[in-house]
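Asker: One letter stands for each residue in the lines below.
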Amino acid sequence: MKNYSVERRNLLKAAAAGIASVISLRVSRGLRASPPSGSSEHKWAMVIDQNLCIGCGYCTLACQAHNDVPPEFHWNRVIQAGKVGDQDVFLPRPCMQCDHAPCVSVCPVRASTKRADGIVMMDYDRCIGCRYCEVACPYGARVFNWEAFEGENPAVPEWGQPEVSRRPRGVVEKCTFCYHRIDRGLANGWKPGVAPEATPACVVACPVGARVFGDLNEPGSKVNQMLAANPYFRLREDMGNDPRVYYLPASWDEQDYES
Amino acid sequence: MIRGSTTCPPAGMNKIMRANYLKRFLLIIWIVGLLVIMGLGAAAAFQVFTKGLVVTNLSDLVPWGLWITIDLSAIAMSAGAFSLCAVVYLVGLKRYEPVARTATFIGIIGYSMAMLCLLMDVGRPERFWHGFVYWNTHSVLWEVTMCVGLYFSVLLIEVLPIIGRSDWARRSFPRLSGVMRLVHHGAPVLAFFGLLFSLLHQSSLGATYAVIQARPAWYRPSITVLFIFSAVLGGIALTIFASMLAARLTPKANVDDRLLDTLSRFIGWSLAAYLYFRFWDAFAITYTYQPGRSEALQMLTQGRLAFNFWFGEIIFGALIPVILLLNGRFRRNPTLRMAALAMVVGGVVAYRWDINMVGQLIVLTYLPQQILARYAAYSPSLIELAAGAGVIAFGLLAFTLGVRGLNVVDHAPARQHAPKEERRRVPSPASAD
Chain V
580 MKNYSVERRN LLKAAAAGIA SVISLRVSRG LRASPPSGSS EHKWAMVIDQ NLCIGCGYCT
640 LACQAHNDVP PEFHWNRVIQ AGKVGDQDVF LPRPCMQCDH APCVSVCPVR ASTKRADGIV
700 MMDYDRCIGC RYCEVACPYG ARVFNWEAFE GENPAVPEWG QPEVSRRPRG VVEKCTFCYH
760 RIDRGLANGW KPGVAPEATP ACVVACPVGA RVFGDLNEPG SKVNQMLAAN PYFRLREDMG
820 NDPRVYYLPA SWDEQDYES
Chain A
-17 MIRGSTTCPP AGMNKIMRAN YLKRFLLIIW IVGLLVIMGL GAAAAFQVFT KGLVVTNLSD
43 LVPWGLWITI DLSAIAMSAG AFSLCAVVYL VGLKRYEPVA RTATFIGIIG YSMAMLCLLM
103 DVGRPERFWH GFVYWNTHSV LWEVTMCVGL YFSVLLIEVL PIIGRSDWAR RSFPRLSGVM
163 RLVHHGAPVL AFFGLLFSLL HQSSLGATYA VIQARPAWYR PSITVLFIFS AVLGGIALTI
223 FASMLAARLT PKANVDDRLL DTLSRFIGWS LAAYLYFRFW DAFAITYTYQ PGRSEALQML
283 TQGRLAFNFW FGEIIFGALI PVILLLNGRF RRNPTLRMAA LAMVVGGVVA YRWDINMVGQ
343 LIVLTYLPQQ ILARYAAYSP SLIELAAGAG VIAFGLLAFT LGVRGLNVVD HAPARQHAPK
403 EERRRVPSPA SAD
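In order, the protein sequences belong to chains V and A.
Residue 598 in the working numbering sits at position 19 of the first sequence, and the numbers go up by one each step.
Residue 343 in the working numbering sits at position 361 of the second sequence, and the numbers go up by one each step.
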């Protein structure tokens, strides 16, 4: 009996020492670690002008066609967001590509990751389908494949084909800023945001030019010009997620001038 | 064995035999019934695996439903294992060893149930191992995954001596069972790691909710603490309840009522403390209006979850059991005590359901003008209910078989001294035979 209790005390001592050393190691490493910074040549962002958006939904359709998104899914949703004067105001909502993306922090398997240029990527081969990211996203930007998407996609025109392969059943998917178009453009020397081939599909398809895409790191880029010249807001800035999608609010005066 | 040597007066023989036949008959009905429910559950699971999660009523707004609640509750009910093992092997209260044995067995059943639920609930169950390979140390759910894996391993090792000590294992595999019984000497070390992983697991399950800023109903630190607290309560309560029930139903189980009485009183006091914390946790929300959070409290106290909250969590889940367990006269009445313990278990399950639902049923808008709370809806589909019932039936069956085959509820003094003799025999290497 005595022998036994000594063993227990020694165990407790060893355990306390072990925990203390693990904690101190973690703390000292935490002090040294620098936050993951997007140190890249590019810093992609989107500006959406609510003065111009007419709510036609072409962006959603183009997105579905390019990314082979099922009809009931919306990577890019257009929301009727009240009125200014007698004009309807719309709010198109792609993935915000947050700098401090909750979905990236919560993913248990690193299937959601933040690229250095700011795009929040999804690894569909790694996702286990736990849907924690859906719960964590304040913008409802993520959709889960509750069943396999089979058959033709009505959004895809007969003269073209999707640029992204279809996701399997059981994974979460979302808007990717059409990273494949950006990467392909950069590889070919086309400028994303300027050359249509290197710009997200929704931006290219917008008939009124309400969406602008570009590089925040480039001083003269269109996005920087627009953000310098206009008031802007981002969605749920109070949460500190630092979204990369900026909105120019619809204003009363401008509506007057235009009509 | 003591149990086998009960002598009966010849006059009562007939009566007892008839009672035994009835008991045997009821047992067979019970087992067959559980097997039928498990079969239905397997059929439902088959639907999930072939058609996908579309057969559930889950949605992109409410992606976690009934199965997650069963998973959380099963994990909570397993908390008796780590807390009682810590009491026995780390604090040194050796006399609770037989209770800890039951709790350990319930623990491994609970973790198996949780893993079965998760297997159905995740979209890609074949990738379950990704969490162990692709670490995201920022993710609370990664921590949960690791804790499930590590603590389940600890439980597997802890259960070895229980199996090894059973008459069946001694008879069928004498050599192997001897080795399995030797594991018992590592119990303090196992208890330490069990405490570590299980505490981490229970708290990080709460934190899984508590870190989500997008759901204000969850976004507060108290959930983490309340999850540990309620899990320890529920786990020990279920262990005592199951032991007492088994002892009533079969002579294969016997309990030392003094141990269970003390533990029940401990639960009573802890439950009172839990109620105090739970009250302040809810009351603190009333101080200011915060979009989403205030609506959540309203949903709990007056809205869709009100019945569950008041009756499941507060009145039957805490208030009545506190009275029953702290009053000595009530507590010493076995029926009242068992009722109180069952209510505690129900209260813990209700708490898990409420927390999981309230954060998801209230969805905040992200439009710039004002942040509004909108309401989503969820009620489990038939397939979800069937699969969930199948998992619960599996747990009940496993415990029934454990009581009958492995003597997991056995507080008889003769048994208690058995491991001590073995310990003395350890030094001689040839003792395995």
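Hints are computed from structural coordinates only; laboratory data are not their basis.
The beta carbon of each residue, even a glycine, is placed where N, CA and C say it ideally should be.
Fair warning: there could be bad hints in the mix.
[As the list claims (entries may be wrong)] Chain A stretches covered by chain V per the calculated footprint, using a threshold of three residues with CB under 8 Å from any CB of chain V:
#	region
1	24 to 38
2	95 to 106
3	204 to 214
4	346 to 352
Asker: Against this structure, judge whether each hint is valid.
Answerer: Each hint, compared with the structure:
1. 24 to 38: holds (count 5)
2. 95 to 106: With 4 residues closer than 8 Å to chain V, the region 95 to 106 of chain A meets the three-residue bar; holds.
3. 204 to 214: Answer violated; 0 residues pass the 8 Å Cβ test.
4. 346 to 352: Our answer is that it holds, as 5 residues pass the Cβ test (under 8 Å) against chain V, meeting three.
Going through the hint list in order, the structure does not satisfy hint 3, though it satisfies all others.
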